[in-house]
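Please construct the entire structure, taking both the sequences and the accompanying hints into account.
Each chain, letter by letter, is given below.
Number of protein chains: 4
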Amino acid sequence: MKTYRVGLVGITGYAGMEVTRLLAGHPAMRLVTACSRAEAGKRLGEFYPFLEKLPGADVVISVFEPEKAAASCDIVFLSVPAGTAMGMAVPLIARGVKVVDFSADFRLRDPQLYEEWYSHAHTAHDLLREAVYGIPELYAGQIAGARLVANPGCYPTCAILGLHAALRNDLIESEGIVIDAKSGASGAGRKAAVPTLFCEVTDTFRAYGLPRHRHTPEIEQEVSLLAGREIRLSFNPHLVPMNRGILAAIYTTLKNPRTTTDEAHRAFSKTWEGSRWVRVLPKGALPETRYVRGGMFCDIGVVTDPRTGRLIILSTIDNLCRGAAGQAIANANLMCGLPVETGLTSAPVV
Amino acid sequence: MKTYRVGLVGITGYAGMEVTRLLAGHPAMRLVTACSRAEAGKRLGEFYPFLEKLPGADVVISVFEPEKAAASCDIVFLSVPAGTAMGMAVPLIARGVKVVDFSADFRLRDPQLYEEWYSHAHTAHDLLREAVYGIPELYAGQIAGARLVANPGCYPTCAILGLHAALRNDLIESEGIVIDAKSGASGAGRKAAVPTLFCEVTDTFRAYGLPRHRHTPEIEQEVSLLAGREIRLSFNPHLVPMNRGILAAIYTTLKNPRTTTDEAHRAFSKTWEGSRWVRVLPKGALPETRYVRGGMFCDIGVVTDPRTGRLIILSTIDNLCRGAAGQAIANANLMCGLPVETGLTSAPVV
Amino acid sequence: MKTYRVGLVGITGYAGMEVTRLLAGHPAMRLVTACSRAEAGKRLGEFYPFLEKLPGADVVISVFEPEKAAASCDIVFLSVPAGTAMGMAVPLIARGVKVVDFSADFRLRDPQLYEEWYSHAHTAHDLLREAVYGIPELYAGQIAGARLVANPGCYPTCAILGLHAALRNDLIESEGIVIDAKSGASGAGRKAAVPTLFCEVTDTFRAYGLPRHRHTPEIEQEVSLLAGREIRLSFNPHLVPMNRGILAAIYTTLKNPRTTTDEAHRAFSKTWEGSRWVRVLPKGALPETRYVRGGMFCDIGVVTDPRTGRLIILSTIDNLCRGAAGQAIANANLMCGLPVETGLTSAPVV
Amino acid sequence: MKTYRVGLVGITGYAGMEVTRLLAGHPAMRLVTACSRAEAGKRLGEFYPFLEKLPGADVVISVFEPEKAAASCDIVFLSVPAGTAMGMAVPLIARGVKVVDFSADFRLRDPQLYEEWYSHAHTAHDLLREAVYGIPELYAGQIAGARLVANPGCYPTCAILGLHAALRNDLIESEGIVIDAKSGASGAGRKAAVPTLFCEVTDTFRAYGLPRHRHTPEIEQEVSLLAGREIRLSFNPHLVPMNRGILAAIYTTLKNPRTTTDEAHRAFSKTWEGSRWVRVLPKGALPETRYVRGGMFCDIGVVTDPRTGRLIILSTIDNLCRGAAGQAIANANLMCGLPVETGLTSAPVV
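Protein chains in written order, with my numbering: chain A, 216 to 565; chain B, 216 to 565; chain C, 216 to 565; chain D, 216 to 565.
Please keep in mind that the hints were generated in silico from the structure rather than gathered at the bench.
Mixed in with the good hints there might be a few duds.
No copy is singled out in the list; a pair is fine if it fits within one copy or between any two copies.
Said to hold, decoys possible - In the SDA-like style, the derived pairs of lysine to any residue whose C-alpha atoms are separated by at most 20 Å in a straight line are:
1. Lys-217 <-> Gly-311
2. Lys-406 <-> Arg-429
3. Lys-470 <-> Gly-391
4. Lys-485 <-> Pro-351
5. Lys-498 <-> Glu-261
6. Lys-268 <-> Glu-352
7. Lys-217 <-> Pro-270
8. Lys-257 <-> Pro-497
9. Lys-485 <-> Tyr-354
10. Lys-257 <-> Ala-500
11. Lys-498 <-> Gly-424
12. Lys-498 <-> Ala-272
13. Lys-470 <-> Arg-447
14. Lys-268 <-> Ser-484
15. Lys-470 <-> Glu-390
16. Lys-470 <-> Asn-384
17. Lys-498 <-> Glu-267
18. Lys-268 <-> Gly-558
19. Lys-268 <-> Val-555
20. Lys-268 <-> Lys-485
21. Lys-485 <-> Thr-474
Following this line, the structure appears as structure tokens:
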């Protein structure tokens, strides 16, 4: 197997950390470059004690320079803030490097929508047009041919995979969808800030970002594409006192209020039959974030409520692995012509 | 101030434990009897190390006998399972003892509904008719005159207080209400069971009981009464890796989709103006369970979403204090002619 | 009861927050002044949502000025960093205000020792000489007459109370004492910093500060005074993924290796007989931090190990209440001539 | 690579669960038999939702019968209680199956010591004599030739690896060693019991089992062997509100009190140079349980304290992986002639 040389820009966040963890066990990719202005000069193993004695530990952190990155890497993961990523992607792509971008810079296909929700201009319209939205289950073909993949947000990944079978089987109305999503604190990032201190998060529960969290337009864009009609929905995130994991409860209205759980479950099972990573749970079972911890699975439970005519979908992923670093590596695998699951086969760590 | 003699039947659960904690600081109530078949013979302070050197620690746990309880107590809290409580309430009431029942036995006004959701017969129809549903903010007058108060469920308390102002001000449609509620693990009780072991709850998140949790008919009954019309809603509980606390996100449809957050917030503030325990947060603020920990407050945040025409209400309480033991003591205060807040004035323990 | 007017300088930390919580329920003290440069202008209730509708919520945060504080307050709590506190204490004392200082500025009786461990000069030698070390169980008389009380550190409070009976009853050798102490994350303060983010503390355990944590000389000074001979010991703190609480395991060598647990337990029980807050647990029982949460208790368990000739003492307190704010209020009670337990009678919140 | 057929007896505990997780990614072992009386008849994937779509999920749980197990397996892991394991090992070994036993049945070389600490008779003295204590770093050669490996306890693994370099380099006295160990709640097992319910473990900290935890004689036996002289020590376990992980603080007395941290660190680094899994941290760094989560590493930090003449060793492992299932697989690898790290190369999941 050929070994692909990988660069990672942005290592101080949890997504970057997760990339280094997964690459340490990847049989066909080798981390050769890791960039961070703040930590330049340190060995990765010094910065990440968990990585010592593993592949990647000896990489010395450097400041990002497009030429150097292009010279040393076949593919680069950008794990930097929205607004910064586009400026890095342009020179990398121009030099023939494949790019997987973790930020929102290439996710919203309409630059105006981007500017409305992210409050700064989009400066790479051409690249935006060619970027592929990177959910392997839905867009494997396009991803394989892409130079630039927009790695989806964690909440959107969870919501889109959860809704896909319901839309595809025409089970639900487009109107009135409510997503009540809950995320572990790693989703809030690794920046020093009082609201994410241990004592501010443990033994408590809260909503945040209502009613205009930035993942809203991303979810709407993608489920509208899947549905073939415009969907406007209510997306409401919450913070759970846990490290990793997202669970979304998706409340929808059945087209036929007499659809049974049995029927809905059969439709979901059929749609995801043979899927490597989407697991439709047995009828009656509900997903838990721990059962997907550290891995690529998306576990889905479905319930209908005849009293209210609702289909309720519970969808869960690991926000750092499936919702960021792992999905990025899956996309990179496809872009490099590798099997999509290469390096992503570990069982969840319960 | 006269001192009322209090009995507590059922001490091995978290609600019973919370009663002992609150009574230790109550200036006008004294715990004189504590009953538990399993722990009979022990001092309370031995069973609850936190209680040592505090009032109540020296009470010796005994087996419940109605005559003895009636002879020694002015008021009795029943913290026993549904189905058991009604059999205890009857002889106590008959002997002139006031009763606050923590179970569901006297909450559903229709015995058939009770039998449908709780799968056993209701054997105390007469008492059921006179029982008062014990939310002090809504029914203080009736509670003050009651012999038997049905202490509300924790989820219903949170949901009903959250919805009250929206219904009263006619802001929302009766149809399509979704309650996505999240509770700490103390809500699951103190019974030895694998699913509530530490390692099965920490660092994970899951829904449970969908779509037919037993608090559903209780919530529907009460909000229908408040609204003056039948309301059928979707209630969906989740388990949070925390000890105490409930937060409910209540998704509703605005009658007038152009209602602003400002207007909704004003209506809520007006309705709850002067309330001792319901705190409508400043506009834009969202509640957190920790800010009500250990106390009687119900914190409410409101948000409207013009994109989807929704009013979203976030309501939070401490499930053990406001949602069980504290509310029971508030009801007992009213039944004894004491100010409702007697013994319930401590600040939340953040 | 006369009401004492209280000032609090430093509100952004957890100890300051705990002061406001406890004062909200204090029958003879009223918070009239709260100072913080960073938060000046806000209402306390706005800054601390848990405090709304409680006494103190309407105090407007101001910048500290000694004259203003002296004019409005009978007593002031200084909850500011070591090095800053002494400069504030001098003008307050000079104006006749009583001061309880939470920092280390007046704890070490030898200014040279202070300078060695805190790396800056001590500028208030006169005040240092008159300051009283504020453990009410040991120094109530002196505290009652003091103008300035050095409020002990959280770890020292736990260790000193734990060791007191062993030293007083001459059960143990002075040499070879090891304290292995574990604290919740609130002990690390409320400053924005990566190492105390939720994801860096949850589901993990670590030691820190070895082998020279600043509480070492404070513990050594006080236990040497209690023992009447110089004691040098090894103090080793750890961080527990919990909010509040300290538990110290204190490993000592029995003078008589055949001392039984029975004998040691009797000696401890005798020494602390009648103590309001120190609870020597029943023989065989071991303390837990949750049983003292939010209160003033210090729970102590003792075990002897005949195999190794050791007396092992397990001592636990709530680091924010007993280890900081609550002990400060107990000291202030004594300084004001109030019963020591005034406002400090709530049961722990398990 | 040949594939070895593996049996697992006892799947309802956390160690058994961890075996199934690790075998799902093992390139040369295949789980073919899983036994549990209580769960017989279920698919493993049904019992362990995290395992679905992974190797092993389709194994149907059966009741243990030695003949069947012997017929279908090359090697069997016994994850059953002490006292039960020996009765299962005998017929398996007799039928030529290799056995790795997770219980204490073959750890204590002296059957009398076993009977004293475990309160039942040892019924397999012959097997006891040939059993090898399975720490691969110390006994790889003997393990490779063994029919029966006694898989070490979690605490002993952590303590022995931590002490090894200090003893081997003759840095410390034999007397006066204190081990203050802290474990996550998975160490307490997966049995339904009130003391390990979430609400009894979260946000609290406690010691347990003092002063006679059963791992004491196991640690003493092994470190005495390493030291070449009898060592009697004090072992004191604590429960941390976390899932996995053990951290032991080991307090020892330096032979030469002037030994510097530098010197001690050099000695440790030298001893463990080239070790696959023991990582001596950089001087000044202290280990954290999260950095070894889910893996085989043992991270060690060393500190000397010239004030007290002590060497303090901090040693940490994952109790389920390194402390049970992972170490068992490493032992099985050696017994099968495979490289010790086969299937155990994943990076820790921070």
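Worksheet item: How would you label the pair Lys-485, Tyr-354 (within, between, both, or neither) given a Cα cut-off of 20 Å?
Response: within (19 Å within a copy, 52 Å between copies)
Practice prompt. Evaluate Lys-268 and Ser-484 at a C-alpha cut-off of 20 Å and name the case that applies: within, between, both or neither.
Written response: Close across copies (14 Å), not inside one copy (42 Å); limit 20 Å.
Item to complete: Check Lys-485 against Thr-474 for me: Cα-Cα at most 20 Å, and say if that holds within a copy, between copies, both or neither.
Response: within (16 Å within a copy, 42 Å between copies)
Practice prompt. Tell me, please, which holds for Lys-498 and Glu-267 at an alpha-carbon limit of 20 Å: within, between, both or neither?
Written response: This pair counts as between: shortest inter-copy Cα distance 14 Å, intra-copy 43 Å.
Discussion item. For Lys-498 and Ala-272, with the copy left unspecified, which applies at a CA distance of at most 20 Å: within, between, both, or neither?
Written reply: between (44 Å within a copy, 17 Å between copies)
Practice prompt. Can you give me the call for Lys-257 and Ala-500, within, between, both or neither, at a CA distance of at most 20 Å?
Written response: between (47 Å within a copy, 15 Å between copies)
Worksheet entry | Lys-485 and Pro-351: within-copy, between-copy, both or neither at 20 Å Cα | So Lys-485 and Pro-351 pass the 20 Å test inside one copy only (18 Å; across, 47 Å).
Worksheet item: Is it within a copy, between copies, both, or neither that the alpha carbon of Lys-257 lies no farther than 20 Å from that of Pro-497?
Response: The answer is between: 13 Å across copies meets 20 Å, while 48 Å in one copy does not.
Worksheet entry | Intra/inter-copy verdict for Lys-470 and Asn-384 if alpha-carbon distance must be at most 20 Å | within (11 Å within a copy, 31 Å between copies)
Practice prompt. Can you give me the call for Lys-470 and Glu-390, within, between, both or neither, at a CA distance of at most 20 Å?
Written response: Both ways: Lys-470 and Glu-390 sit 11 Å apart in one copy and 16 Å across, limit 20 Å.
Discussion item. Cα distance capped at 20 Å. Does Lys-498 pair with Gly-424 within a copy, between copies, both, or neither?
Written reply: Answer is between; shortest inter-copy Cα gap is 13 Å, intra-copy 33 Å.
Item to complete: Classify it for me, Lys-268 with Glu-352: is the Cα-Cα distance of at most 20 Å met within a copy, between copies, both or neither?
Response: Close across copies (16 Å), not inside one copy (34 Å); limit 20 Å.
Of the numbered hints listed earlier, not one is contradicted by the structure.
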